[in-house]
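Colleague: Chain residues, written in single-letter form:
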Amino acid sequence: MNARSHYDAAVIGAGPAGLTAGIYLSRAKLKTLIVDEGIAGGQMVLTHEIANYPGIESISGYQLSNTMKKQAAKFGCEIRTNISIRRLELSGHVKRLILSDGTEYTSDAVILASGGRPRTLGVKGETEFKGMGISYCATCDGDFFSDKEIIVIGGGNSALEEAVSLTKYARKVTIVHQFDHFQAFENAVEEARNNNKIDFIMESEIASFNGDMKLESVDIKNLRTGEIKNFRTDGAFIFIGYSPNTEFLKGIVDLNQRGEIIVDTNMQTSLQGVYAAGDSIVKKFRQVTTAVGDGTIAALAASAYINELKVESKKLVNV
Amino acid sequence: MLYTNLKHLESAADLKKAISENENVMVICGRMGPMCIPVYGIAEELEKEYPHVKFYDMEFDNPESHIIRSLPEVRGFMGIPFTIYYKNGKVVKATSSIQTMVQVRSILDKEFAAKVNA
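Listed in order, the protein sequences are those of chains A and B.
Residue 284 in this note's numbering sits at position 284 of the first sequence; the count goes up by one each step and never skips.
Residue 44 in this note's numbering sits at position 44 of the second sequence; the count goes up by one each step and never skips.
Everything labelled a hint here was simulated from the structure, so no lab data went into it.
Be aware that one or more of the hints could be misleading.
Below are the DSBU-like pairs computed for lysine-lysine, each with C-alpha atoms no more than 35 Å apart in a straight line [said to hold, decoys possible]:
(1) B:K87 to A:K124
(2) B:K54 to A:K70
(3) A:K124 to B:K110
(4) A:K29 to B:K48
(5) B:K110 to B:K16
(6) A:K214 to B:K110
(7) A:K31 to B:K48
(8) A:K310 to A:K70
(9) A:K221 to A:K70
(10) A:K70 to B:K110
(11) A:K168 to B:K7
(12) A:K148 to B:K16
Reference listing, derived: stretches of chain B covered by chain A, where coverage requires no fewer than 3 residues with Cβ under 8 Å from a Cβ of chain A [unchecked claim]:
(13) 78 to 90
(14) 96 to 103
The structure presented is a predicted model; accordingly, all values stated were derived computationally and were not measured.
Cβ atoms here follow ideal geometry from the backbone N, Cα and C, with glycine treated the same way.
Could you put the whole structure together from the sequences, leaning on the hints where they help?
Modeller: Laid out in structure tokens, this is it:
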């Protein structure tokens, strides 16, 4: 084993859960590595304003992410971002991590804090027309659709709130939703229903996005009748929730049906020495504060586990 | 204001100067939003790896960014950031909306291939 590439703990994910774990582990003098396939901060970095983080009246997600990253680095935590994991071996006593650039690391403990990401529809034309009519952010791109006719896909709080917000720009907004009812809170549904610029197409889903260089229409499938109709539109905003980033963990640790990592109260997964924290675990509330709490628990549990290993190893040496 | 760690272009004159003085330039024109921040982060990450490329950002809502928003290459773009790649002062590539590290790296490698020192 290459000593330089062995860590006490490896943390997968540099969102608030992973960075918090990194801060606690490094401060406990444990050699710690954080790896993330995106930039540090996870979903938090994308939040315009965080006004409910105790002790800080208001801060941008970008600033809070940078502060957490600096804090972890200050304690000696190594952070590698924008690099993906090629292979992961977690079942043995020594955990093994191989990155896309071929670098290999081993560790005694691993904390999985891979977070979540906005879901995509995965239908024809979605990738092709991203930025050319398809958007996932009303605040970012709403003004490109001034006086245009657009659709919003989804039925949760984000979809309905963003649909209302998009009526500031668009001439008409049509919400397309797969069920006959919305999952959003009643007040969000009421606000959308009372807005005369908003129409609804229920029990339907997008079959394809169509156009030439830019989005011009969508094919909408009625899920009750199976009928597919072409619907002209200038733009489409997709708000269909979040998925946990756990595809790479299938068959490695226990996941529930939604792909979320199953943990106990110490954030331990189904494998010894492997913990999980943040938006990728089974839980009801996903907030920066809950991720930070999860990361703390996972780091403390992992520290205790690593220290036990060290004690055991010393005993063996002394025998 | 864009509070990234990239160098900021505040005016059209700044941009003209940057592309006239540097062979390879990448400019990310956006806001501090969820589609833009990841692209700034990628550029920050790649700055050291691509010393022959100059990386800048420019605020989309700054009227001076008209110099980017009026480019023929961004006609039809409906998602920020607008990311523009200039070689010898000319636009060689432009992308709309969020991009991944792999996508950005692929453009940098294709358009700004590093010189091989003899």
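Colleague: Now look at each hint and say whether the structure bears it out.
Modeller: Right, here's what the structure says about each hint:
no.	hint	result
1	B:K87 to A:K124	34 Å, holds
2	B:K54 to A:K70	25 Å, holds
3	A:K124 to B:K110	27 Å, holds
4	A:K29 to B:K48	29 Å, holds
5	B:K110 to B:K16	23 Å, holds
6	A:K214 to B:K110	25 Å, holds
7	A:K31 to B:K48	25 Å, holds
8	A:K310 to A:K70	28 Å, holds
9	A:K221 to A:K70	49 Å, violated
10	A:K70 to B:K110	33 Å, holds
11	A:K168 to B:K7	33 Å, holds
12	A:K148 to B:K16	33 Å, holds
13	78 to 90	holds (count 3)
14	96 to 103	holds (count 4)
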